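In order, the protein sequence lines correspond to chains V and E.
Numbering-wise, our numbering puts 81 at position 81 of the first sequence, and it's gapless, one number per residue.
Numbering-wise, our numbering puts 84 at position 84 of the second sequence, and it's gapless, one number per residue.
Everything labelled a hint here was simulated from the structure, so no lab data went into it.
Mixed in with the good hints there might be a few duds.
Since copy identity is lost for identical chains, a pair holds within one copy or between any two.
What the hints assert, rightly or not - Once the Cα atoms are required to be at most 25 angstroms apart in a straight line, the calculated DMTMM-like pairs of lysine to aspartate or glutamate come out as:
hint : residue 1 : residue 2
1    : 31        : 47
2    : 11        : 60
3    : 11        : 61
4    : 11        : 83
5    : 57        : 47
6    : 64        : 45
7    : 57        : 99
8    : 11        : 32
9    : 11        : 101
10   : 64        : 13
11   : 31        : 83
12   : 90        : 16
13   : 90        : 67
14   : 57        : 45
15   : 57        : 67
16   : 64        : 76
17   : 64        : 16
Predicted model only: the values in this text are computed from it and were never measured.
Below, each chain spelled out in residue letters.
Number of protein chains: 2
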Amino acid sequence: MYVVCVTSWVKREHLDDYMQACMANARETRKEPGNLRFDFLRCAEPDNQFFFYEVYKAEEDFHKHHETAHYLKWRDSVTPWMEQPREAAKYNSIAPADESDW
Amino acid sequence: MYVVCVTSWVKREHLDDYMQACMANARETRKEPGNLRFDFLRCAEPDNQFFFYEVYKAEEDFHKHHETAHYLKWRDSVTPWMEQPREAAKYNSIAPADESDW
Numbered sequence: 001m002y003v004v005c006v007t008s009w010v011k012r013e014h015l016d017d018y019m020q021a022c023m024a025n026a027r028e029t030r031k032e033p034g035n036l037r038f039d040f041l042r043c044a045e046p047d048n049q050f051f052f053y054e055v056y057k058a059e060e061d062f063h064k065h066h067e068t069a070h071y072l073k074w075r076d077s078v079t080p081w082m083e084q085p086r087e088a089a090k091y092n093s094i095a096p097a098d099e100s101d102w
Numbered sequence: 001m002y003v004v005c006v007t008s009w010v011k012r013e014h015l016d017d018y019m020q021a022c023m024a025n026a027r028e029t030r031k032e033p034g035n036l037r038f039d040f041l042r043c044a045e046p047d048n049q050f051f052f053y054e055v056y057k058a059e060e061d062f063h064k065h066h067e068t069a070h071y072l073k074w075r076d077s078v079t080p081w082m083e084q085p086r087e088a089a090k091y092n093s094i095a096p097a098d099e100s101d102w
């Protein structure tokens with residue numbers, strides 16, 4: 001499994017819009033055949049920090065995600081709402097090892 | 001759900017020992033009644049960077065985890081193997097919203 005971890009910081013006047021856009025993107029991403037998880041989390045402190053935990057069967061499935069209409073709509077909507085650039089890290093899973101455990 | 005995201009950087013001479021210790025800790029943590037996930041991931045670049053995705057039903061379950069024998073054994077074993085201090089961030093889940101989806 002190929003895992004993408006993204007941290008974002010959002011301008012406070014756009015928090016509600018951002019969460020709505022992210023929940024819509026999460027729902028659509030979960031329908032992609034190569035996607036196994038798309039968790040959307042909010043930090044307690046600071047509460048304008050968010051985290052995506054995106055799990056794909058393979059790296060190519062992540063690249064396919066970037067070509068979808070819902071991703072492109074999300075990206076264009078939220079980019080002006082960012083307080084600073086998003087940070088992403090890419091990982092391969094050690095545990096769970098088996099796809100059926102995701 | 002209460003989610004703890006931990007990033008670690010490991011001295012290269014201890015990579016194998018570290019991975020063994022983490023897999024043992026992950027197996028035991030998954031047996032805790034308050035734990036829902038304990039994913040253990042390795043970064044491609046740099047390959048001595050690792051990530052834990054720890055999901056608990058509530059914050060108090062995370063504190064109980066810190067009192068377990070397997071956590072304390074893991075912590076004491078790996079601390080001298082760290083290249084730099086671990087970084088942790090704490091989140092609450094927005095999506096999935098329901099415990100049954102974790």
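Within, between, both or neither: residue 11, residue 83 at alpha-carbon 25 angstroms: within (5 angstroms within a copy, 34 angstroms between copies)
Within, between, both or neither: residue 11, residue 61 at alpha-carbon 25 angstroms: Close neither inside one copy (30 angstroms) nor across copies (32 angstroms); limit 25 angstroms.
Status of residue 45 relative to residue 57 across identical chains (alpha carbons, at most 25 angstroms): Classified as between; 19 angstroms across copies, 32 angstroms inside a copy.
Same-copy or cross-copy closeness of residue 64 to residue 16 [CA-CA at most 25 angstroms]: neither (28 angstroms within a copy, 33 angstroms between copies)
Within, between, both or neither, where residue 11 and residue 32 count as close if Cα-Cα is 25 angstroms or less: neither (29 angstroms within a copy, 38 angstroms between copies)
Copy assignment of residue 11 with residue 60, given that the CA separation must stay at most 25 angstroms: This pair counts as neither: shortest intra-copy Cα distance 32 angstroms, inter-copy 30 angstroms.
Alpha-carbon proximity between residue 64 and residue 13, which holds within one copy, between copies, both or neither at 25 angstroms: neither (31 angstroms within a copy, 37 angstroms between copies)
Homomeric proximity label, residue 64 with residue 45: Cα distance no greater than 25 angstroms: Only across copies: residue 64 and residue 45 sit 21 angstroms apart there, 33 angstroms inside one copy, limit 25 angstroms.
Intra- versus inter-subunit Cα pairing at 25 angstroms for residue 90 with residue 67: within (18 angstroms within a copy, 31 angstroms between copies)
Intra- versus inter-subunit Cα pairing at 25 angstroms for residue 31 with residue 47: Answer is neither: 28 angstroms inside a copy and 31 angstroms across each miss the 25 angstroms cutoff.
Status of residue 83 relative to residue 31 across identical chains (alpha carbons, at most 25 angstroms): neither (29 angstroms within a copy, 39 angstroms between copies)
Status of residue 99 relative to residue 57 across identical chains (alpha carbons, at most 25 angstroms): Intra 7 angstroms, inter 23 angstroms, cutoff 25 angstroms: intra and inter.
In the structure shown, a violation is registered for the earlier hints numbered 1, 2, 3, 8, 9, 10, 11, 17, in ascending order.
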